[in-house]
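As they're listed, the protein sequences go chains F and C.
If you read the first sequence in the working numbering, its first letter stands for residue 9, the second for the next number, and so on.
If you read the second sequence in the working numbering, its first letter stands for residue 82, the second for the next number, and so on.
Any given hint might turn out to be false.
To be verified - Not the full set, but computed from the structure, chain C residues with beta-carbon under 10 Å of chain F:
id, residue
1, Arg-163
2, Gly-172
3, Ile-173
4, Asp-225
5, Phe-238
6, Gly-350
7, Gln-351
8, Glu-364
9, Leu-368
10, Leu-370
Stated by the list, open to error - Derived CB-CB ranges, DEER-like:
id, chain 1, residue 1, chain 2, residue 2, range
11, C, Glu-256, F, Asn-187, 57 to 63 Å
12, C, Tyr-102, F, Asp-202, 50 to 56 Å
13, C, His-273, F, Asn-187, 37 to 43 Å
14, C, Gly-265, F, Ala-183, 20 to 26 Å
15, F, Asn-187, C, Gly-297, 32 to 38 Å
16, F, Leu-24, C, Glu-197, 41 to 47 Å
17, C, Ala-154, F, Pro-23, 48 to 54 Å
18, C, Arg-184, F, Ser-64, 45 to 51 Å
19, C, Gly-218, F, Trp-28, 30 to 36 Å
20, C, Arg-184, F, Gln-69, 29 to 35 Å
21, F, Leu-248, C, Gly-265, 32 to 38 Å
22, C, Ala-372, F, Thr-113, 29 to 35 Å
23, C, Ile-158, F, Asp-202, 33 to 39 Å
Hints in this document: simulated from the structure, not taken from any laboratory.
Where is the CB? At the ideal position from N, CA and C, for every residue including glycine.
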Amino acid sequence: MSEASGAVKSDAVNPLVLSWRQYRLERRMFWRNPSAAFFNFVLPLLFLAGAGAALSGNQHQLNRLVPMIAGMSVMSTTFTALAYNIVFLRERGVLKRIRGTPLPTTSYFGGVAANAVTNTALQIAIVVIAGRLFFGVGWPRHWEALIVFVLLGVVCFAALGVAFAHVIPNFESTAAYVNAVFLPVVAISFYVFDSSSAPGFVRTIAEALPLKPLIDGLSAAMVGGAGLGGHLDALAVIALWGAFGLYFAVRGFSWESARS
Amino acid sequence: MVTVGDPAIEVRALCKRYGDYEAVRGIDITVQRGEVFGLLGPNGAGKTTTVEILEGYRTRTSGEVSVLGHDPALRSIELRRRIGIVLQSGGIYSHITPREALRHWASFYSNPRDVEEVLELAGLREKADARSRTLSGGQLRRLDFALALVGDPELIFLDEPTTGFDPEARRAAWETVRSLRALGKTILLTTHYLEEAQALADRVAIVKDGRVLAIGPPQELMAHPPHHPSGAAHYRVAYRNDDGELIERDTDDPTTLLHELTSEALARGQRLQELSVGRPTLEDVYLELTAASSGDRDV
Numbered sequence: 009m010s011e012a013s014g015a016v017k018s019d020a021v022n023p024l025v026l027s028w029r030q031y032r033l034e035r036r037m038f039w040r041n042p043s044a045a046f047f048n049f050v051l052p053l054l055f056l057a058g059a060g061a062a063l064s065g066n067q068h069q070l071n072r073l074v075p076m077i078a079g080m081s082v083m084s085t086t087f088t089a090l091a092y093n094i095v096f097l098r099e100r101g102v103l104k105r106i107r108g109t110p111l112p113t114t115s116y117f118g119g120v121a122a123n124a125v126t127n128t129a130l131q132i133a134i135v136v137i138a139g140r141l142f143f144g145v146g147w148p149r150h151w152e153a154l155i156v157f158v159l160l161g162v163v164c165f166a167a168l169g170v171a172f173a174h175v176i177p178n179f180e181s182t183a184a185y186v187n188a189v190f191l192p193v194v195a196i197s198f199y200v201f202d203s204s205s206a207p208g209f210v211r212t213i214a215e216a217l218p219l220k221p222l223i224d225g226l227s228a229a230m231v232g233g234a235g236l237g238g239h240l241d242a243l244a245v246i247a248l249w250g251a252f253g254l255y256f257a258v259r260g261f262s263w264e265s266a267r268s
Numbered sequence: 082m083v084t085v086g087d088p089a090i091e092v093r094a095l096c097k098r099y100g101d102y103e104a105v106r107g108i109d110i111t112v113q114r115g116e117v118f119g120l121l122g123p124n125g126a127g128k129t130t131t132v133e134i135l136e137g138y139r140t141r142t143s144g145e146v147s148v149l150g151h152d153p154a155l156r157s158i159e160l161r162r163r164i165g166i167v168l169q170s171g172g173i174y175s176h177i178t179p180r181e182a183l184r185h186w187a188s189f190y191s192n193p194r195d196v197e198e199v200l201e202l203a204g205l206r207e208k209a210d211a212r213s214r215t216l217s218g219g220q221l222r223r224l225d226f227a228l229a230l231v232g233d234p235e236l237i238f239l240d241e242p243t244t245g246f247d248p249e250a251r252r253a254a255w256e257t258v259r260s261l262r263a264l265g266k267t268i269l270l271t272t273h274y275l276e277e278a279q280a281l282a283d284r285v286a287i288v289k290d291g292r293v294l295a296i297g298p299p300q301e302l303m304a305h306p307p308h309h310p311s312g313a314a315h316y317r318v319a320y321r322n323d324d325g326e327l328i329e330r331d332t333d334d335p336t337t338l339l340h341e342l343t344s345e346a347l348a349r350g351q352r353l354q355e356l357s358v359g360r361p362t363l364e365d366v367y368l369e370l371t372a373a374s375s376g377d378r379d380v
């Protein structure tokens with residue numbers, strides 16, 4: 009109507025409020041989607057239970073296992089979950105629809121990122137508590153280091169997940185693409201972290217990838233070792249990958265399926 | 082600020098090129114406020130490209146575009162608050178209900194419409210609390226409408242809004258469009274259903290190969306088909322001859338033609354079966370225009 013065409017609608021909705029609302033919606037959808045909840049929580053716990061049972065009685069091994077599972081959890085709740093979600097929403101046209109509304113891009117991603125942080129925090133809490141209760145691993149020694157490494161790990165792997173979504177051409181191939189990265193990275197990082205006899209070049213590759221430094225940092229924070237100061241190189245590697253991921257996440261981001 | 086008299090949409094010499102392919106080759110359109118404007122054309126005519134430039138999804142190669150006084154390429158939030166978009170195929174989160182989706186969408190706007198009212202308008206009352214992945218194609222399309230309307234936009238883009246609808250659902254969607262028009266909304270509609278353009282649009286532009294072939298109110302296009310050399314009023318007389326074959330003859334003077342035909346038939350002691358005098362439908366105009374334009378081109 010004519011009176012609606014003036015300045016009547018110029019008052020913007022607070023972008024932080026919109027982020028919060030997006031976050032609430034993401035949480036609601038997360039709990040309603042059983043497969044998402046399963047991959048995020050149950051799968052790492054099954055790993056922990058299985059490997060923990062096998063290593064039962066060997067406290068040294070258990071102390072190494074818990075930070076490995078924690079590191080893998082950070083990667084699966086951010087990199088894997090976001091790559092899946094972004095590709096799904098892009099191919100289904102949900103992102104394109106959102107882009108046509110006044111929801112600011114930063115508010116949308118703020119909500120999505122906060123959702124990933126929540127999932128990771130819950131996951132780490134579960135791993136820490138399970139480690140304490142069932143595997144005789146003490147409470148984390150350096151809480152501040154734990155928080156810094158988890159947060160940096162979330163930012164890094166979330167950005168890499170969004171950036172990686174751009175490479176995946178359609179939803180059907182998402183599992184293949186994601187696992188082609190996730191499984192080798194987890195395998196090499198676990199191997200090098202756990203074995204002192206790993207060949208030099210394998211060790212170099214693992215140290216240059218973000219997961220092994222994250223596990224190092226988590227291990228120091230959770231079961232003892234140097235605090236934050238002793239792992240500046242690990243922080244630097246994760247931060248570099250994070251910067252790389254953020255650059256490509258923003259630059260390569262595509263709101264719609266390529267076939268249209 | 083835009084004043085009431087300004088057009089809702091102004092497009093001048095719009096071009097869009099994808100590599101070597103020119104999807105839009107110089108389109109000029111003006112849509113007045115409160116008008117239902119139809120973009121009509123075959124697949125690949127450049128309709129969706131044009132609309133997506135107006136919606137801010139694509140950038141243009143050249144030309145001038147103004148939507149409610151804004152350049153849509155700048156993607157201002159202020160403009161997006163005032164438009165509603167029904168995409169050709171836009172998905173929705175599968176794990177939330179229409180009511181939840183509408184509440185969420187309504188929160189993007191400072192003066193949204195009432196969610197219950199929009200559910201009612203879109204015919205989604207019964208499915209308001211069902212997970213959207215359980216909705217049928219037609220119900221999802223109604224949710225598309227509802228989500229586009231919940232922000233109470235001044236200008237609504239409908240890209241092939243009734244494709245895949247059964248006739249009943251199509252009539253219902255038409256009623257919704259008419260009620261929006263009655264509220265003074267401006268609507269830009271793309272469709273390849275001629276019947277739909279004829280039923281809804283105040284004016285239509287027939288688009289092919291990225292160009293506007295004809296523009297005007299449907300009645301006027303039918304009365305004065307642009308391909309007709311004189312541009313004069315034009316009638317079609319049809320009947321079946323003795324062999325039962327359907328004969329169609331176009332004329333500007335149906336009185337004389339009918340007189341000739343009937344007197345000749347009466348002289349032979351015969352009847353002209355299924356004799357009719359009609360005006361060309363929008364479909365006739367459309368088919369002749371689009372056929373004529375592909376005649377001089379290898380498509």
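Here is what the structure says about each hint:
1. Taking 10 Å as the C-beta contact cut-off toward chain F, the hint placing Arg-163 of chain C at the interface holds, the least distance being around 6 Å.
2. The beta carbon of Gly-172 of chain C is positioned within 10 Å of a beta carbon in chain F (closest approach about 3 Å), and the interface hint is therefore held.
3. The interface hint given for Ile-173 of chain C is met, as the beta carbon of that residue sits about 6 Å from the closest beta carbon of chain F, less than 10 Å.
4. Of the supplied interface hints, the one on Asp-225 of chain C holds, with its beta-carbon coming within about 8 Å of a beta-carbon of chain F, less than 10 Å.
5. This hint holds: Phe-238 of chain C has a C-beta 9 Å from the nearest C-beta of chain F, less than the 10 Å allowed.
6. At a threshold of 10 Å, the smallest CB-CB gap from Gly-350 of chain C to chain F is about 63 Å, leaving the interface hint violated.
7. Among the interface hints, the one on Gln-351 of chain C is violated; its C-beta lies about 57 Å from the nearest C-beta in chain F, farther than the 10 Å criterion.
8. Because the beta carbon of Glu-364 of chain C sits about 28 Å from the nearest beta carbon in chain F, more than 10 Å, this interface hint is broken.
9. Taking 10 Å as the C-beta cut-off, the interface hint given for Leu-368 of chain C is violated, the closest approach to chain F being about 27 Å.
10. A distance limit of 10 Å between C-beta atoms decides the matter here; for Leu-370 of chain C the minimum to chain F is near 27 Å, and the interface restraint is violated.
11. Restraint check, Glu-256 of chain C to Asn-187 of chain F: a C-beta distance of roughly 50 Å breaks the suggested window 57 to 63 Å.
12. The supplied range of 50 to 56 Å is met by Tyr-102 of chain C and Asp-202 of chain F, whose beta-carbon atoms lie about 55 Å from each other.
13. The supplied range of 37 to 43 Å is met by His-273 of chain C and Asn-187 of chain F, whose beta-carbon atoms lie about 42 Å from each other.
14. At roughly 50 Å, the beta carbons of Gly-265 of chain C and Ala-183 of chain F sit outside the given window of 20 to 26 Å.
15. Checked against the given bound of 32 to 38 Å, the beta carbons of Asn-187 of chain F and Gly-297 of chain C, roughly 57 Å apart, lie outside it.
16. Distance hint for Leu-24 of chain F and Glu-197 of chain C: a CB-CB separation of about 27 Å, inconsistent with the stated range 41 to 47 Å.
17. Roughly 22 Å separates the CB atoms of Ala-154 of chain C and Pro-23 of chain F, a value that falls outside the hinted 48 to 54 Å.
18. For the hinted restraint 45 to 51 Å between Arg-184 of chain C and Ser-64 of chain F, the CB-CB distance of approximately 50 Å keeps it satisfied.
19. In this structure the supplied range 30 to 36 Å holds for Gly-218 of chain C paired with Trp-28 of chain F, their Cβ-Cβ distance being about 33 Å.
20. The hinted range of 29 to 35 Å is not satisfied by Arg-184 of chain C and Gln-69 of chain F, whose Cβ atoms lie roughly 50 Å apart.
21. Taking the beta carbon of each, Leu-248 of chain F and Gly-265 of chain C are about 56 Å apart, not inside 32 to 38 Å as hinted.
22. Checked against the hint of 29 to 35 Å, the C-beta distance between Ala-372 of chain C and Thr-113 of chain F comes to roughly 45 Å, which is inconsistent with it.
23. Separated by about 51 Å at the C-beta atoms, Ile-158 of chain C and Asp-202 of chain F break the suggested range of 33 to 39 Å.
Checked against the numbered hints listed earlier, the structure breaks hints 6, 7, 8, 9, 10, 11, 14, 15, 16, 17, 20, 21, 22 and 23; every other hint is satisfied.
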